[in-house]
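Listed below, chain by chain, are the residues.
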Amino acid sequence: MTLDIISVNIWQILISLVNLLIMYLILKKILFGPVQKLIATRKQQVEDIYTEAQAKRDSAEEMRSQYEEKLAIARDEADGIVRTAQQTAQRRSDAIVAEATSQASHIKQRAEAEIEQEKKQMLSDVRGEISDIAVEIASRIVGREIRKEDHDSFVDDFIRNVGEQQ
Amino acid sequence: MNNKSLRFKVVDWLLIALMVLPLVAGIALKVLTTPASNGIEITGARIYATIPMPLQDLVITESQINSWLIMLSILGLALYMTHGIALKPQTKRQVLAEWAVEQVENLVSDNMGQRFIQFVPFIAAIMVISAFSSLMSLVGLRPPTSDVNVVAGWAIVVFVLITYYKLKGGLFPYVKGFFEPFPVFAPFNIIGEFSTPISMSFRHYGNVLSGVVISTLIAHALQGLSKIVLGWLPGVLGNFPFLQIGLPAILSLYFDIFSGLMQAFIFAMLTMLYIATGFPEEDYERRLAKKRARRAAA
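So the sequences go chain by chain: A and B. With the working numbering as the guide, the letters of the first sequence map in order to residues 1 to 166. With the working numbering as the guide, the letters of the second sequence map in order to residues 1001 to 1298.
Treat the hints with care, since some could be wrong.
List of simulated lysine-lysine pairs, DSS-like, C-alpha gap at most 27 Å [said to hold, decoys possible]:
| hint | chain 1 | residue 1 | chain 2 | residue 2 |
| --- | --- | --- | --- | --- |
| 1 | B | K1004 | A | K29 |
| 2 | B | K1291 | A | K43 |
| 3 | B | K1168 | B | K1088 |
| 4 | A | K37 | B | K1009 |
| 5 | A | K108 | A | K120 |
| 6 | B | K1291 | B | K1168 |
| 7 | B | K1009 | A | K29 |
| 8 | A | K43 | A | K28 |
| 9 | B | K1291 | A | K37 |
| 10 | A | K28 | B | K1092 |
| 11 | A | K56 | B | K1168 |
What the hints contain is simulated information worked out from the structure, not anything from laboratory work.
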């Protein structure tokens, strides 16, 4: 037994109507309710995470700026220290050089004075020797003893002349 | 996830059984009750029982049984999809379920607007029950949507919803709407109003039924052709409808799958559009404002 191909039966229509409503409830309670709730929860969580991350980033940014500030101060301090040290060193080296220069010139002066002294000494020694030699030569030439005392002025003149001619 | 508990797996298999068994039962019922026949029979659904009721006898038919069976299957599917869902998706089916939910949400919010977002499960119910009902013909069962009564029931629900949302703008604007643009149009407007559910149900049912009819015709034609072309084969081979292999499957791609899904989509689409466009937003807002003012004054 079969239905006609087009047959309207209100009870069947009613059953189908109720079927659709049951289907709606099934899908709502079982599929859409839980899944939508889940998605909402997840969205909330993600938002929370983002907010948290933003806060953390902000604080990190703040810390970074603080650190940078501190770093700049430290660099300035270091620069100051180095500059002071350099200045001190410069001053000290200048002083050392100046002292060394003055000492050197001092030593040079003394050396020059000594040399002068020695030269004079040597000259007077040489003069004495030459006068002795001159006296001896003269006495040999003359054949008699020439008293040095008698001819001192003569010898002296001679030597002086020799010295001037040199 | 390989470390699912045994309990989880058992429940999984039970749910899969809930999905598959109704279809198996339907096939068994059909095989047991359908008498063998040789001729072409194009009839309505098979009647299993008749219950006397006022106005009209209630007949329990193949399409009723099949629609209950497919509802059971969908129930199993819904339970299976949401079985073991967690905040962090651990199963592929959860991803699929979320995807499906979001697709329907997008569809509804695109076509109806955010105001009707609570319609999401309803639209999904229409689409799912219609699509799966039509797809039942894939396993050889008679699709419940080929019965006009089934689709008419859904169309009546939609009609009630359309009217309900139209009435939200007030009774007077609703009645006035029938006399526009001129009072002469009133009969046509009324006919137009009632033609909505009728056209919806007939479009859907007609499409699916035509698929069933054409499939039956082609199957029989192929059987006849098989007899003519290959009848010279000896014994059983001569009677075996070889030509029925293959071609009906290709045709069912269109008549069962494409047409069925298309009609489900069209039905859901029309439901959304009729409800959303019928809703008199301005009148509703005006009434709401008036009500609020009255409440504030009281």
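Structure-based check of all given hints:
1. K1004(B) x K29(A): holds (25 Å)
2. K1291(B) x K43(A): violated (36 Å)
3. K1168(B) x K1088(B): Cα-Cα ~41 Å, so violated.
4. K37(A) x K1009(B): holds (25 Å)
5. K108(A) x K120(A): Distance ~18 Å between K108(A) and K120(A) Cα, so the pair holds.
6. K1291(B) x K1168(B): holds (13 Å)
7. K1009(B) x K29(A): Holds. K1009(B) to K29(A) sits at ~23 Å (cutoff 27 Å).
8. K43(A) x K28(A): Judged against 27 Å, a Cα distance of about 20 Å means the pair holds.
9. K1291(B) x K37(A): violated (32 Å)
10. K28(A) x K1092(B): The given pair, whose Cα atoms are some 21 Å apart, holds under the 27 Å limit.
11. K56(A) x K1168(B): violated (49 Å)
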